[in-house]
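Chains as they are written, first to last, in this note's numbering: chain A, 1 to 754; chain B, 1 to 268; chain C, 1 to 158; chain D, 1 to 83.
Keep in mind that the hints were calculated from the coordinates and are not lab data. Worth double-checking, as some hints may not be accurate.
[What the hints assert, rightly or not] With a Cα cut of at most 20 Å, we get these calculated EDC-like pairs of lysine to aspartate or glutamate:
hint, chain 1, residue 1, chain 2, residue 2
1, A, K418, D, D36
2, A, K12, A, E563
3, A, K408, D, E73
4, C, K3, B, D3
5, A, K203, A, E325
6, A, K418, D, D22
7, A, K149, A, E293
8, C, K3, B, D240
9, B, K39, C, D55
10, A, K408, D, D56
11, A, K745, B, E216
12, A, K284, A, D125
13, A, K201, A, D738
14, A, K751, B, E246
The structure presented is a predicted model; accordingly, all values stated were derived computationally and were not measured.
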Amino acid sequence: MGVDGNYKWVGKRTVRPDGTDKVTGRALFSADSSMPGMLIGKILRSPHAHAKIKSIDTSKAEKLAGVKSVVIGKDFPNLPNKTISIGILAANFSEMSDKLMARKKVLYDGHPVAAVAATTSAIADKALSLIKVEYQVLPHVIDVDEAMKPKAPLLHKKMITVGVDPAPTKASNVASRCEFGFGDLEAGFAAADVIIERTFKTKPAHQGYLEPHGAVVSVAEDGQVTIWCSSQGQFMVRSYCARLMQIDEAQIRVIPAEIGGGFGGKTVIYLEPVAMALSGRAGKPVKMTMTREEVMRATGPTSGTSIDVKLGATKDGKLTAGEAELRYQAGCYPGSPVGPGAMTAFAPYNLENVKTVGFDVVVNRPQAAAYRAPGAPMSEFAVESVIDEMAQKLGMDPIALRELNAAKEGTTAPYGPKFGPIGNEQCLEAAKNHPHYSAPLGPNQGRGVASGFWFNVGGESVASVNINTDGTAVVLSGNPDIGGSRASMAAMAAEVLGIDYDKVRPIVADTSSIGYNDLTGGSRTTFASGMAVCNAATDAVDQMRTRAAKVWDISPDAVEWSEGHARPAGPNAGDFEPMSLADIARTSAKMGGPITGRAAINAQGAAPGFGTHIVDVEVDPETGHVTVLRYTAVQDVGRAIHPSYVEGQIQGGVAQGVGWALNEEYVYGDDGCLQNTGFLDYRMPVASDLPMIDTVIIEVPNEAHPFGVRGVGEVPIIPPLGAVANAVSNAIGVRMTDLPLSPPKILAAIKNGS
Amino acid sequence: MHDFAYHRPQSLEDAANFLRTAEDPLLMAGGQTMIPTLKQRLAAPSDVIDLAEVPGLVMIDVKKAQVSVGAMLTHASVASSPEVQAALPALAGLAGNIGDMHVRNRGTLGGSIANNDPAADYPAALIGLGATVHTSKRQIAADDFFTALFETALAGDEIVTSVDFPVPELAAYMKFDHPASRYAVVGVFIAKFGTDVRAAVTGAGPCVYREAQMEEALTRDFSPSALADMTISPDGMNTDLYAGPEYRANLVKIMATRAVEAALKGGG
Amino acid sequence: MSKHHVTSTVNGEPVEFLCEPQETLLDILRDQLDLTGSKEGCSSGDCGACSVTIDGRLVCACLVLGAEAEGRKIETIENMAEGDTLHPLQQKFLEEAALQCGFCTPGFLVAAKSLLDRNDNPTETEVRYWLAGNLCRCTGYDKIVKSVMDVAAEMRGE
Amino acid sequence: MAQIVLTNDLGRQFTGGETTLDMDVTDVRDLIRKLDQKFPGIAEVLQDGSMAVAIDGNLHQDAWLEDIGPTSEVYFLPAIRGG
């Protein structure tokens, strides 16, 4: 082993262990499970963006034949108004509970107000129509800049902005202010020959996972709860349900279904506690699945934003100062990703003077949920646009400008610490040397470049490696496989154990079958759970070395493990025939019992990821329509455990970013209600919208991981927004600052020339 | 969906009888618009009458001067018919660009025109070619068929059976499609019959219409340049989540110009 | 409303079921016939996760009424492999990692097979347009399109 | 002595604006304990999970036992969540 080793399984394009089930329709996602006697649960949602609930009358619904339980907000525990961290997440459970089921006010179109469980879907629908809710409609606010105005309708009458000194005396929609940076901005801008200042806007975009949220929940008479659901973390579901419903974690068993995409949107829960309440009352299991309309109206998209950027440079291209103010929509309660947005905005650059200020602003929309590199795509879009413009103003090549100012090992990141070994410069160089970058462009075509940065995270992970007597291994880990992680876990275990990949069976275990794991998110799984799997496999190897030593009557230290065999080493080298894993496993009963390696860690040392993207577009000057002609994405991933799934993560991130840049947006009516609640109006890219997406994998290993993994999933959604906007701007000769770049918007820009 | 009764009549007469006797009947052709509408509870018919088994509605008859298409023929069948491709490529091309493959395999000519969605493609072909609609009762000229937003000249118990499309000298359809739904934000069908030119516009207004000034200009000179100085008024044009009247007015001219270019190149 | 007694052929087997007029073919497949390989992603015919074929034509099962299945032949993802042999498309999707979460995968496979059954020499553009009714949020389509092109080439003996 | 850098927010709340400190500490737990002696109340914020720490450029979350060297640079920053 070792980060520079030659590997048999790591880095190979193996077939994923769960693949056959997924190409034959056998894999069970959240809506695919049923239980005997199961009821169907449904939610009644607010038709108003902001309203006081004057009364709820559920009596008629309760009397309808086939209705087994009805719940409203007061049926859920009231919880302390305090933010608590759980693993890599933080939550205010009072607010979370209110988001699950409104109490006194509804705060967005789609906010749940009541739920029913009935014997059939049709009866549940009928029951919802019999619930009478009296509302007093209040003025609402959606846009972040509008929400910050002094006379904006207030969502929470007592909310005082946190992070401002002295604390404001008046309530506002600004939940908090954060600030990062160092140096002397004034001096930095004074030293600049060119200063560019621009304001950018982005619209809320949905994660767009294909599988709507779903859960089957059974609450037994003794209070034991079993939950089958798809989420990014079965332990997250357990922690949240236990706290929201005020029961012990040990009473809840969450069995992870296959997950049909998440991208951050399934790091929160919507249905499970409601189904728990319904099931507990009815005494029967309850199944709940969202419609696509419910997903669009009431699950977290990411924030819409408004961002000011100011950047200074000398005439030879040295950046002298960077400043940004970021305003992010949080949704109905605080919690936008403006913090990471502010931290990442200038991260690809070496700046001596930098300051970013972020505002977390509540508006009448569903709570923003994490979406791939939460907060970063928007802020880096704004900065990458200004970098591109700066290159134009200075007459410099945009990659050359980036290279001249690139963050590298030892550079102080805008959020404080110094970077360790990072692949930012390597990505820029690979992009510059890629044939794409020098390919000629035709009329009405433009090329855009942008970089992206994400921290990546580690966190708590547990893994077990059970050695079977036939020489195979079962690997248990606790993270849902959202994009091929079973294949990576199996490859790493096979590598450490020295047995064939096909002899390793990876299992995603439920919450009662393995210790606590943080959820799948933040690009942590291959890094942190992978590290746990490696450690657990090493633990099993150590046990097998010890057993071989006992058979040979030598010291365990004199036994080495290679290619799946215990071998006498040192003074005993060559004294005994090597024993294979299968040999040792076969006699495990006689030698002390089953061999089980285990590891429980809080993985530290996640290393940052950088990427640089190049895109060519053609703009129809008569209609404003954009065609994406060619796309190349370069990214430092540390080590590609499974190159195909690494490429897939990058390609998928690019497609999402292109959709965000060109088409995807939430459109609200004057009444504050979402108007595009389905895929007919909310346009995610389809196959005919995209070209092939070329990927270039850079490997600057992360020394903290046994195989050098950094994490892959977040970075690739960051550069596309800036790259596409830069390409369009370059094609039409007008700087585009307002996403998405819809044809009407582009045509107007062409006609107005600004 | 609200409750409804489902019927599958075996003859046109039976289907018409259901229309006459049911409380609030709705005809179903391909169902690609209707079923989503029912799911959203935007319609609550008492009876759904499925035309799938009614004989005679699935036909193509291509003659030298006329292409006849049965009401229940799917878009995919029209698009892939070698006869239609040869005789009226603009029509085959139009059908082949409706929605996506799944929609084209179920959606039908009759369903499309009876629904008269303001952004549907087929109405532009009917108006652009001066087609004749055959129904269970009579023949209706296309110009008289589409009356208003989602409204047609069909009587309550009348069923579209087929459409006759005259074969023009030159024709083409160009649309700027909505990125998600693939409906026409604006679509323009241009056809030239000897000295007579027809220009039909869909997507721009509440109902498909003929653009008279375009027809006059193209009658004088059937070339893209004939439209160069034309101004299209945005008055009365549609606004939706995607685009407003000014953008649509611009598209009418652009799509018409491109349709003329395509028609001169042989259609599509 | 009274239920309809429907007789059809699903994956080569004769099948009878009772259905309400409002039930879609997707409801019947998933809830009555336990064929949960066809997925419900949108229920409005926009995502293609419920792609099946009826009498050989690719459709969204969520936009077909169960009662319409009378006398028809339905094929779903569950019948794509022959015994224990995967269809070449299924095999290629595995080898090329043309799936990530796997939710849209059954629909893509049914749609891609429907294309290759008609055209064993599609251009990349033809593949992309044929699959435009199927949404995938994970892959960016790259590996899906490549897999379909590769299988077509293999079917042609290249 | 290790160099300790607090966020501007922490400085505002607890230290009267001071964000850079030199301290003799052995690990994160020791650092938090000593900071709390100097700035009472700061430990609660540093330990509630909302803050992460970077030691010589390496990011750590919830890591009381991580060693801090005699010349280490230690930055407190908001904990990073993910998507």
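These are the hints, each one checked on the structure:
1. A:K418 with D:D36: violated, 25 Å
2. A:K12 with A:E563: Roughly 17 Å separates the two Cα atoms, so the pair holds.
3. A:K408 with D:E73: The hint holds at about 17 Å.
4. C:K3 with B:D3: Within the cut-off at roughly 11 Å; holds.
5. A:K203 with A:E325: holds, 17 Å
6. A:K418 with D:D22: holds, 17 Å
7. A:K149 with A:E293: Violated, at about 31 Å.
8. C:K3 with B:D240: violated, 40 Å
9. B:K39 with C:D55: Violated, at roughly 25 Å.
10. A:K408 with D:D56: holds, 14 Å
11. A:K745 with B:E216: Violated: K745 (chain A) and E216 (chain B) sit about 32 Å apart, past 20 Å.
12. A:K284 with A:D125: The hint holds at about 19 Å.
13. A:K201 with A:D738: holds, 5 Å
14. A:K751 with B:E246: holds, 12 Å
The structure does not agree with the numbered hints 1, 7, 8, 9 and 11 stated previously, though it agrees with the rest.
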